[in-house]
Amino acid sequence: MYIYDEIDQRLVDERVAQFRDQTRRFLAGSLSEDDFRPLRLQNGLYIQRYAPMLRIAIPYGMLATRQLRALAHIARTYDRGYGHFSTRQNLQLNWPALENVPEILAELAKVQMHAIQTSGNCIRNITADHFAGIAPDEIVDPLVWCEILRQWSTFHPEFAYLPRKFKIAVSGATEDRAAIQVHDIGLQAVRNDEGEIGFRVLVGGGLGRTPIIGAFINEFVPWPHLLTYLEAILRVYNRYGRRDNKFKARIKILVKDRTPAGFRDEVEAEWAHIKGGPATLTSSEVERIAKRFTRPTYESLDALSSSYVLALGRDTKFAAWARRNVHPHRVPGYAAVTLSLKKTGVPPGDATSEQMEAVADLADAYSFGELRVTHEQNLLLADVRQSDLYTIWQQAQALGLSTANIGMITNIIACPGGDFCSLANAKSIPVAEAIQRRFDDIDYVYDIGELDLNISGCMNSCGHHHVGHIGILGVDKQGAEFYQISIGGAQGVQASLGKVLGPSVSQDEVPDLIEKLINVYLERRESEAERFIDVVRRIGLEPFKENVYGAHQGSKARGRQLAAA
Amino acid sequence: MALIKDRKLAADNWQLLEAAADGAALAIPDSGDVLVSLPEWKASREWLLSRSGRVGVWLTGADEPADIASDLAHFALIAIRFANFADGRGYSIARLLRERYGWRGELRAVGDVQRDQLYYLARCGFDAFALREGEDPQVALTAFNDFSEAYQTSVDRPNPLFRRRESAGTL
Ligand code: SF4
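If you're matching them up, the sequences are chains A and B in order.
Its first residue numbered 3, the first sequence is counted upward by one per residue in the working numbering.
Its first residue numbered 99, the second sequence is counted upward by one per residue in the working numbering.
The set of hints was computed from the structure by calculation and includes no laboratory data.
Don't take each hint at face value.
[As the list claims (entries may be wrong)] What follows is a list of derived Cβ distance ranges for each label pair:
hint : chain 1 : residue 1 : chain 2 : residue 2 : range
1    : B       : A160      : A       : P505      : 40 to 50 Å
2    : B       : N182      : A       : L425      : 15 to 25 Å
3    : A       : R82       : B       : E162      : 48 to 58 Å
4    : B       : S148      : A       : E8        : 54 to 64 Å
[Stated by the list, open to error] A few chain A residues that don't get close to chain B, going by computed Cβ distances all over 12 Å:
hint : residue
5    : T176
6    : P224
7    : L314
8    : D363
9    : E452
10   : M461
11   : S508
No experiment lies behind these values; they were computed from the predicted model shown.
C-beta atoms are modelled at their ideal positions from N, C-alpha and C, and glycine is treated no differently.
Please model the entire structure based on the sequences and the hints provided.
Here's what the structure looks like:
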């Protein structure tokens, strides 16, 4: 956990004072709604369908327990006693009153938190692999770099009014758990043959209306040059990104227009001017930041705890949970644990103040007082002794956080959708719940195996439906809420975008349709090791289409049905 | 319309000239200080330099600062016009003029310029601000004190915070 120094603290305090004054002027009528909008957005405040929504930054997903307790307190005092963890590792409050927001920001500042640049056309919260620092497949620990980027992007004077929002994600492992390929900039920390750290830089990925996998434009930016290289990208984008059409304003459109190679050349030309300048990072700065991180003091333990092994053998329910929700750790005898926020009947990603406090207690007792938010909208205890896993599981059960579905069909990613969001075409939470109810037999869920199901309430794609193995998108059909289903999307190193299956369907039809897709998969898979996504890749969309839309399909489909009859 | 210069209210003797929407030729007065657009500067350069009165150029967000890099010595003022405060191109142009092309004279933000943009504008190298109609200049003057520190390199503090910490020995 990064600990603020005096200047970090002063800056967030000054931000609170600034926003307090802006809010006062707005409420007094001397600042118009139009002028106030970008100011409140850069402090995370939206005006939503029913109330304002405040998005609180959780930089690269790291939280200390005192911070989680403060969030619980804020949710209880200024909201309705719960919060929503989003796919960008932020926490959203759905019902704060506008006039209380300065006070909420002041409470956040007391625990070294803020809502800076969580919205608006600026550099947003930096996201990272939620296993950063603990993953066995890690090449470079990205946390220090994430904090360097947090500081660099905070109040960057040149890039506060970009053509559109700008998202940066960082990964330092072999597997990509930060979805870097669908970010405006994706950074993969790597080492060269000499062991020096550098970054593979990808630009122009994104979801939304025009989903696209980004392109790598530099295979190795040595770490001292990270900030100047990013400034070169941002400057080219700030100057030439489209501002005439909101839907074409993301950097991905510019990269496409210029071609990745053309864009890279422009960045290189700009970089040539600023490379080696004062923004060049120094090893003493990197060390200074690294030293301000508290790190767990691990005990030296056996690689495999015998009590853990015994418990696995004794209790099959525990073993099932452990198989899904316990993750390997680079330190012998330790593990990471996902506390699921995907219990059926609870909107995905939602947690009550009581749950937050209880999770804080768990993290204090078993995980060095820290935890993480994952982009799959769950909470993670990252540094747990294997020998404590059984106790943690028991306590998580009591808290409703032990749903053993990580990586499974019911671990649904969903945006707040039409229940809260004014941009929505359709609701997402009831759809998630209907699917979870349909797949409530956990043995059946395990049989289906690994499957990502993601739901967005509109094209803005906050629920990342494009990269779900099954993606569900809310669409508007003559004023009615409909759902368009796509399959074949994936996140990670082999990222791909889902393809639309066919005509959209009503809310009632969604669970049946999903079940039909699953049936096709179960019939066609060659072994249990072949996942849903693998089958889609192998056999393509047609067999799924035929089964779902049967009679409406061409002669090929009919021929097969006849043959089967 | 109030002008803030070097963090004080200042008198403004400049006339910003803009071609009429109907495309009629721009009437440039014989004397007095005038600010002209980049196309006007290119078209009327000789006349602008021969008349009495100083000349400055105003750029839009779409203009290339490189186009005036070799003309800087002729200007007494450069302005960047913000058609809309959400259009952030002028921030990059300002830094380029200051940091790459070495403009040391007055750099003025004009157009949709309001109190809550001033702090970042100043960091990008603007030292003068023609506030849009209706802005309270006294309130605007407080904007420069919104923050006491900044992490990044900028025109007003060329060294980023980490280098200033290092040279101050406060690591
Ligand atoms: S995807 Fe659309 S409906 Fe869902 S949260 Fe984002 S903007 Fe709102």
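Comparing the hints with the structure gives:
1. At about 43 Å, the beta-carbon gap between A160/B and P505/A stays in the expected band of 40 to 50 Å.
2. Remark: the range hint 15 to 25 Å for N182/B to L425/A is upheld by a beta-carbon distance near 22 Å.
3. R82/A and E162/B have their C-beta atoms about 52 Å apart, which keeps the hinted 48 to 58 Å range intact.
4. At about 57 Å, the CB distance of S148/B to E8/A agrees with the hint of 54 to 64 Å.
5. Annotated as non-interface, T176/A keeps its C-beta farther than 12 Å from every C-beta of chain B; the closest such distance is 30 Å.
6. At roughly 17 Å from the closest C-beta of chain B, the C-beta of P224/A stays outside 12 Å, upholding its exclusion from the interface.
7. With a least CB separation of 48 Å from chain B, L314/A remains clear of the 12 Å interface cut-off, as annotated.
8. Every beta carbon of chain B lies more than 12 Å from that of D363/A, the smallest distance being close to 35 Å; the non-interface claim holds.
9. Distance check on E452/A: its Cβ is at least 41 Å (rounded) from any Cβ of chain B, clearing the 12 Å threshold; non-interface status holds.
10. Distance to chain B confirms M461/A as a non-interface residue, since its nearest Cβ pair spans about 22 Å, more than 12 Å.
11. In this structure S508/A is separated from chain B by more than 12 Å, as the shortest Cβ-Cβ distance comes to about 39 Å.
Checked against the numbered hints above, the structure breaks none of them.
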